[in-house]
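Visitor: Each chain is listed here by its residues.
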Amino acid sequence: MLRFILKRLLIIIPMALIVVSVTWALVRFAPGTFYSSEKQLPAAVEANIRKKYGLDKPLIEQYLMMMGNITCRTKAADETTTTGLQFSIGSANFKCFDFGDSLKYEGQSVNEILWRTVPVSATLGILAYLLALAIGITAGTIAALRQNTAIDYSSMAISMLGISMPNFVLGPILVLIFSLYLYWFPPARWDGVLGVSNLVLPVLTLSAVYAAYIARLTRAGMLEVLRSDYIRTARAKGLSEWHVVTRHALRGGLMPVISFTGPALAQLLAGTVVVEKIFALPGMGNVFIQSIFNRDEPLTLGVVAFLSIITLLFNLLVDIGYAFLDPRIRYD
Amino acid sequence: MAEELRPVKGTSLWKDAWKRLLKNKLAVFGMIVVCFMVIAVLIGPPIVEWSTGFAYDTIPANGDLVRSFPPSMLHPMGTDDQGRDVLARVLLGGRISLMVGIISTIVSLIVGVSYGAIAGYLGKGIDNVMMRIVDMMYAVPYILIVIVLLSLFSGNNAPGFIQYLVKLFGGGAGLSQIFLLFFALGLVSWLTMSRIVRGQIMSLKNQEFVMAAKATGVSTPKIIFKHLVPNTLGLVIVYATLTVPSVMLTEAFLSFLGLGVQAPFASWGSLAADGIKNIAIYPWQLIFPGVTMALTLFSLNFLGDGLRDALDPQMRKV
Amino acid sequence: MRGSIIFKIQLAALILLSLVLAGCMTSAKSRYFGKTSPPNANVLRYISGSEPESLDPQIGTGQPEARVYMALYEGLVEYDPKTMEPRPELATNWEISPDAVEYLFHLRKDAKWSNGDPITANDFVFSFRRGFAPETASRNANLGYYIKYAEPYNNHSVFMKGPDGNFYIAKDFAPEAENGAAVAPDKATPIGTETETSKMLRAPAKLTLNGDTFKRAREIQGNEKLKGVFKFNARDFKNPIAFTGKVINGKDGLSQFLRENLSKEALEHCIQGASCDDAHKQVLADGLNKLMESGIYDEQRFAGVTLSKDSQTLLANLAKENKKRADEAKAIDDDIAQTDDAAKKEEKAKLKKKQIANLFYLNRFLLEDVFKDDLAAADLITVEAKDIGVEAIDDYTLRITLTQPAPYFMSLLPHQFFRLVPQKAIEKFGKNWVRPENIVTCGPFKVKTHRPYDTLEVVRDPNYWDAATVKLDEIDFYPLEENTTMLNLYKSGSVDALYNHTVPASWVAEVSRYTDEYLKHPEVAMEYYSIASKKPPMDNVYVRKAFSRAVDREAIAKFRGTVTPLLDFTPEGIFPAYEEARKKIYEEARVKRGMSPEEWTHRNDFNPEKACALMAEAGYKVTKGEGGRCTVENFPVEKINITYNTLESNRQIAEMIQSQWKQNLGITVPLKNMEWKTFLPYRSGVQYEGFTRNAWSGDYMDPFTFLNLFYSEQNDGATGWHDQKYDDMLDNANKTLDPQKRFELLAQAELYVMDQQIVIPLQTQSTNWIKKPYVKGMYPNPGTLFPWKFVYIERDTAKWDQDVANIMKAE
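Chains as they are written, first to last, in this note's numbering: chain B, 1 to 332; chain U, 1001 to 1318; chain W, 2001 to 2811.
A few of these clues could be false.
[Unchecked claim] In the BS3-like style, the derived pairs of lysine-lysine whose C-alpha atoms are separated by at most 30 Å in a straight line are:
1) W:Lys2320 <-> B:Lys57
2) W:Lys2386 <-> B:Lys52
3) W:Lys2082 <-> W:Lys2112
4) B:Lys57 <-> B:Lys75
5) B:Lys51 <-> W:Lys2215
6) W:Lys2662 <-> W:Lys2535
7) W:Lys2215 <-> W:Lys2725
8) W:Lys2231 <-> W:Lys2372
9) W:Lys2735 <-> B:Lys39
10) W:Lys2320 <-> B:Lys52
11) W:Lys2215 <-> B:Lys57
12) B:Lys57 <-> W:Lys2431
[Unchecked claim] Not the full set, but computed from the structure, chain B residues with beta-carbon under 7 Å of chain U:
13) Met15
14) Ile18
15) Phe29
16) Pro31
17) Met160
18) Val304
19) Asn315
[Stated by the list, open to error] Simulated restraints, written as ranges between beta carbons of each label pair:
20) B:Thr82 <-> W:Glu2095: 45 to 51 Å
21) W:Gly2685 <-> B:Glu112: 31 to 37 Å
22) U:Thr1216 <-> B:Lys7: 33 to 39 Å
23) U:Ile1281 <-> W:Ala2695: 22 to 28 Å
24) B:Ser21 <-> W:Gly2685: 25 to 31 Å
25) B:Leu130 <-> U:Lys1023: 36 to 42 Å
26) B:Leu130 <-> W:Ala2695: 42 to 48 Å
27) W:Glu2554 <-> B:Tyr181: 36 to 42 Å
28) B:Tyr181 <-> W:Asp2473: 30 to 36 Å
29) B:Leu59 <-> U:Phe1209: 50 to 56 Å
30) W:Asp2796 <-> U:Ile1281: 31 to 37 Å
31) B:Thr246 <-> U:Lys1019: 39 to 45 Å
32) B:Glu112 <-> U:Ile1281: 40 to 46 Å
33) W:Arg2087 <-> B:Ser21: 51 to 57 Å
If you're looking for bench data, these hints aren't it; they were derived computationally from the structure. Where is the CB? At the ideal position from N, CA and C, for every residue including glycine.
Excised from the complex, chain B in its bound form (with noise of 0.2 Å):
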């Protein structure tokens, strides 16, 4: 098992270099350049800045330089970056993981964009999760044990309204009855990680589908082990109703939802776009949209990179998960 998941762990760099490398070809491939607007640049004014950001060498050497700056490099005597992590092992300089900077914003480096949205991102990815797992499971767990109730159905139909409904749609609905009916909380902007009056309606939006889905796996997950001899025996030997669902009911019963949660994380982390569109929030999701339709190169393959390795991370958790929760699978 160790074995395996070294041997995953080491695969994940030749395969993020080769999901960077393939995103780097679509971009090249993608028609329009960072600096083309509205009016036509005269040819003169193009050369300059095709010359300034090297795109006028062939483009064997830009990708080769692009991989030797997102990986390990030498330093030149001359280089006076300080993005990246930079070190010396006896006279030779290196400088390893440094992405260069924005081709649209000039003068911010891709390291310190990330830097800078991944904890936006990360803040409201796992608050959201947090906010679906305590709603998800609540629900779940009632529905479950009040089994073909008025309580089940309801809970199941608003889970269901939760899984169709497009977070574009909850989101302004959100804000249109708590911002401007109710004047509860402000309609958008970050306000800081502790801004919490600001996070609310992001949050709760982001968490309604996978609320809804947590619940839908924990009412399943828990009708099979409400059944199960074990949960008898535990009712038989007379303890609490409380007791059981708690200590003995919810170990069983949240296995599916476990296995959920490690793409559904990753997705999360990656995926909050509407949302940071919506509530104009500085996250990581909206720069890469942004970054992809302004040509922005290197900020696309910063965030690639980033997302790649949390993705293809998260997929072994849930290989690992896989073959913790099903004896059946083996991994040689």
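Assemble chains U and W onto chain B, guided by the hints.
Guide: Frame of chain B, contents of chains U and W only:
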């Protein structure tokens, strides 16, 4: 021996399943709604045009009528910003949304199931490579893929099979973008399915009936597709019904970003994306497409749950 | 049963939701749009559109950036808050030479940078030079190409000195037709003090050649006069012995070739040194010149020759170009094989003419390289920063010299590109000077914090020369593009004003009821559809006119609520003096064409009947329908599209036009939307077929900014149409110094281009934004650009803005 018995058993399996499905009222309800929707989006638009004179893209020539009116006798669902009939647009949007859902689901069923099954059964190195490819496809930003696809292959540059489809559906440059969109969505929709099927196959492949088949010299493709895949059907159907909403929402997300269907066509997602902007002043622009879409997705879900229960009584959970 | 219960619950939930929404919707109508109370602090919270590309005014190109720069940087002049005409800022007053070529600015002496350093004329010289420096790669640099030698400096051009040590003069080499196109300031004295620089600048314009060797070779190839300059002369043989020695003894192909083709006698004389006189050298030079004409370069011939890196690049470029040409020729050959088209054959003949394997100057350059120390090289001097027409006469006097009269130059100067940038900070920190910890600014505000995609906070700068006028303590710029989100923020009272074009069409009716907040005023911007007028079927002017006359602009204007229909190309109501002049020209044209005033006014407007008639005239089969409408039977609709970039308002206009054409002409033109960056090259390269959405907002307050859209071969009109006659009309107009006369000439050009109907003008835009009534000093000027120092927050409710329709007239 097992081979000989299979056909007889097979028919009774389907018959049984059908019987069980009919007993499940929720599933029947879902089935009726889904059938109704399919029929409505197929025959609805011409009926609406015939009875009210409004096609999905008819903008009144009179400038005073080019604005959003609340529901009325002429326009049961009201009109949109440009005075177009919302009912006609919801019906047309349904055509496209359902097509997006169905095509992507078929892709995910065909590609996802066989890919996952092959990887899961063969295991070892092949499985490793195949699954790492899936992992990487997850990580490549599909918005970029959509942009590149749409820009390289739109209009007359479309690949042959898409041009064929466009001709099949009566031409129009707008259609080629829609089919490209289907293609792009299909491209990513099978990934999750392949992971799930693979997991399922891996836990099944060491069971006795597979050993037996192997021992009697059944060929590998036959083992995979005749013996293993049918056993994953319950799970596959559940995820297929979940694929439909997720693909429709992905399409809606692309519409939200402006990469969705080609105007003046619409999809439920694009109608909702447009409607939400006016929710505070013209709520009917959101409510009707939104409710139609939600209702269809509910029904599909019930139908999916019902089918799973019917096909695999042991897995009956919900 | 389960199903129906769940369904009932869901239905109930939906109904409940609808009710809540309906409740929100019908909240009591109040006087103001949402929560309206001034912020506690003296701060303006403004939504500024997309995230600024950079805080460097010479880098950022858009309007969102312009508004930020107006808080942080100043130029010689600033936009007037109401009219956008230039008003004195760092320059207190200025003089313009009678020929409008020289501008002398007197700067204020009390201006300071945010770090306390004084602002002098040298700061302007630095800023202009930096803006045009190729290394800066400013995308706005071409706005300043009117400044003398700015363009050649920006595009790496070279001057050239003759054998007498003097620079060659441009007009000596201009082809006859273009002679006199550029007027050089040839007067005796400049305005302001005469200096060495001003002498140089007032002298006739020097010849500039392309900085890239290969491009230069092609430039010279087409101009016999230029070729003459690059012919070898007797005096170019710096070391005839070495030269002839190499030619006679060389083993490589080149030496052999020269040996065989140059005069043997002259070679033999020259190798002995003493007997090599000018006559022999001249014979050799003539021999070389002849060879350069007929072609020296050949891959095999140069096989063993060592070449410098420059020459290798040159040859690589040549190879690339030749391959491209060969491919093109082959493609055309293939085409000809298929069709027997006379026009195609002509095209092929033209291509053959373009054959470039042998370029005169290329041979010369290679010879110069191979015989580096023996033959004199042409004396090329790269155009440098010091050459451009911007000069500090003393610390507080600045002179700018232009290449030609540009009457609109002053209105160009408030543009961000011409604002000051800090020399010391840039030299110290390089590209990182714009970081908040390094930045030095010169405007009324300075940077406090910058969190990209979130906020840019700027605070009042105590060092600003006019700090007493500045009323706000702080401005918070919120970069935000989602219309619904910003309207929400506005309604909840979290922001005080939005940027331009932020109220969606469907909201205009609702929002415009708040007459104290909604600002709708004419804008120096217009929207139109470009036509790919060189591609059939749109190459027929009747077809183009038919499509234009089948567009009901009134209906579109009614729908949009913020635009006015437009039939001419320059926006309506922005340039009153120009419109007067145009009226006169149009009246003359009307009389000349023998039309009644009635006919003239309606010559271009919406008329389905006329549109159908035009289609018939173009040779299409037209079936009449009711109300003057018709169906055009055999129109090749599959060859055209309406292409537009993804944006709700663009889509809606396209859908309406599509619907109108369908109703009036029976032609359903397919729509094609594209993501912005995909769309740009598609449109500017005229790759689209049929129609494409286009719009323009003026860079400066002069109709030329619009008419310029069809000027020269590469233009932003994106129609593929180019007419030398039109270019000449504009050139003539701009050379005219009398403003009235100039406008008349421009109007003639406008009439000329509109008769071709290469575009379908649609509408003059209006400003379309909202601000809280307590925000004073922000005016909906034609570009919605605000000099921030005049903006303030009024706490006295009685003095709040009322009925902002009159805001431009009041006070």
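Visitor: Each hint needs a verdict: does it hold in this structure or not?
Guide: Hints, verified against the model:
1. With a C-alpha separation of about 15 Å, the suggested pair Lys2320 of chain W and Lys57 of chain B falls inside the 30 Å cut-off, and the hint holds.
2. With a C-alpha separation of about 21 Å, the suggested pairing of Lys2386 of chain W with Lys52 of chain B holds against the 30 Å cut-off.
3. Under the criterion of a C-alpha separation no larger than 30 Å, the hint pairing Lys2082 of chain W with Lys2112 of chain W is consistent with the structure, at around 26 Å.
4. Proposed proximity of Lys57 of chain B and Lys75 of chain B is supported: the alpha carbons are some 20 Å apart, at most 30 Å.
5. At roughly 16 Å between alpha-carbon atoms, Lys51 of chain B and Lys2215 of chain W fall within 30 Å of each other, so this suggested pair holds.
6. For a cut-off of 30 Å, the pair hint linking Lys2662 of chain W to Lys2535 of chain W stands: about 21 Å separates their Cα positions.
7. Distance hint between Lys2215 of chain W and Lys2725 of chain W is fulfilled; the C-alpha atoms sit about 27 Å from each other, no more than 30 Å.
8. Distance restraint check for Lys2231 of chain W and Lys2372 of chain W: the Cα-Cα separation of roughly 16 Å lies within the 30 Å cut-off, and the hinted pair is therefore satisfied.
9. With a CA separation close to 25 Å, the supplied pair Lys2735 of chain W and Lys39 of chain B stays within the 30 Å bound.
10. Straight-line distance between C-alpha atoms of Lys2320 of chain W and Lys52 of chain B comes to about 23 Å, which keeps the hinted pair within the 30 Å bound.
11. At roughly 18 Å between alpha-carbon atoms, Lys2215 of chain W and Lys57 of chain B fall within 30 Å of each other, so this suggested pair holds.
12. Restraint check for Lys57 of chain B and Lys2431 of chain W: satisfied, since their Cα atoms lie roughly 22 Å apart, inside the 30 Å limit.
13. The criterion of a C-beta within 7 Å of any C-beta in chain U is met by Met15 of chain B, whose closest approach is roughly 5 Å, and the hint holds.
14. Evaluation of the Ile18 of chain B hint against chain U yields a held restraint, the C-beta minimum of about 6 Å falling below 7 Å.
15. Nearest Cβ of chain U to the Cβ of Phe29 of chain B: about 5 Å, under the 7 Å cut. The hint holds.
16. Because the smallest distance between the Cβ of Pro31 of chain B and any Cβ of chain U comes to about 5 Å, under 7 Å, the interface hint for this residue holds.
17. The closest approach between the C-beta of Met160 of chain B and any C-beta of chain U is roughly 5 Å, which is under the 7 Å cut-off, so the hint is satisfied.
18. Given hint, Val304 of chain B at the interface with chain U, holds; its Cβ is 6 Å from that chain's nearest Cβ, closer than 7 Å.
19. Using the Cβ-Cβ criterion of 7 Å, the hint placing Asn315 of chain B at the interface with chain U is satisfied: the shortest such distance is roughly 5 Å.
20. In this structure the supplied range 45 to 51 Å holds for Thr82 of chain B paired with Glu2095 of chain W, their Cβ-Cβ distance being about 48 Å.
21. The hinted range of 31 to 37 Å is satisfied by Gly2685 of chain W and Glu112 of chain B, whose Cβ atoms lie roughly 35 Å apart.
22. In this structure, Thr1216 of chain U and Lys7 of chain B meet the distance hint of 33 to 39 Å, their C-beta atoms being roughly 35 Å apart.
23. Remark: the range hint 22 to 28 Å for Ile1281 of chain U to Ala2695 of chain W is upheld by a beta-carbon distance near 26 Å.
24. The given range of 25 to 31 Å is respected by Ser21 of chain B and Gly2685 of chain W, whose C-beta atoms sit roughly 29 Å from each other.
25. Taking the beta carbon of each, Leu130 of chain B and Lys1023 of chain U are about 40 Å apart, inside 36 to 42 Å as hinted.
26. About 47 Å separates the C-beta atoms of Leu130 of chain B and Ala2695 of chain W, a value consistent with the hinted range of 42 to 48 Å.
27. Hint check: Glu2554 of chain W to Tyr181 of chain B, Cβ distance near 37 Å, so the stated range 36 to 42 Å holds.
28. For Tyr181 of chain B and Asp2473 of chain W, the Cβ-Cβ distance of about 32 Å falls inside the hinted range of 30 to 36 Å, so the restraint holds.
29. The given range of 50 to 56 Å is respected by Leu59 of chain B and Phe1209 of chain U, whose C-beta atoms sit roughly 54 Å from each other.
30. Restraint check, Asp2796 of chain W to Ile1281 of chain U: a C-beta distance of roughly 32 Å satisfies the suggested window 31 to 37 Å.
31. In this structure, Thr246 of chain B and Lys1019 of chain U meet the distance hint of 39 to 45 Å, their C-beta atoms being roughly 40 Å apart.
32. Distance hint check for Glu112 of chain B and Ile1281 of chain U: the Cβ-Cβ separation is about 41 Å, which falls inside the suggested range of 40 to 46 Å.
33. Judged by the Cβ atoms, the range 51 to 57 Å given for Arg2087 of chain W and Ser21 of chain B holds: they are separated by roughly 54 Å.
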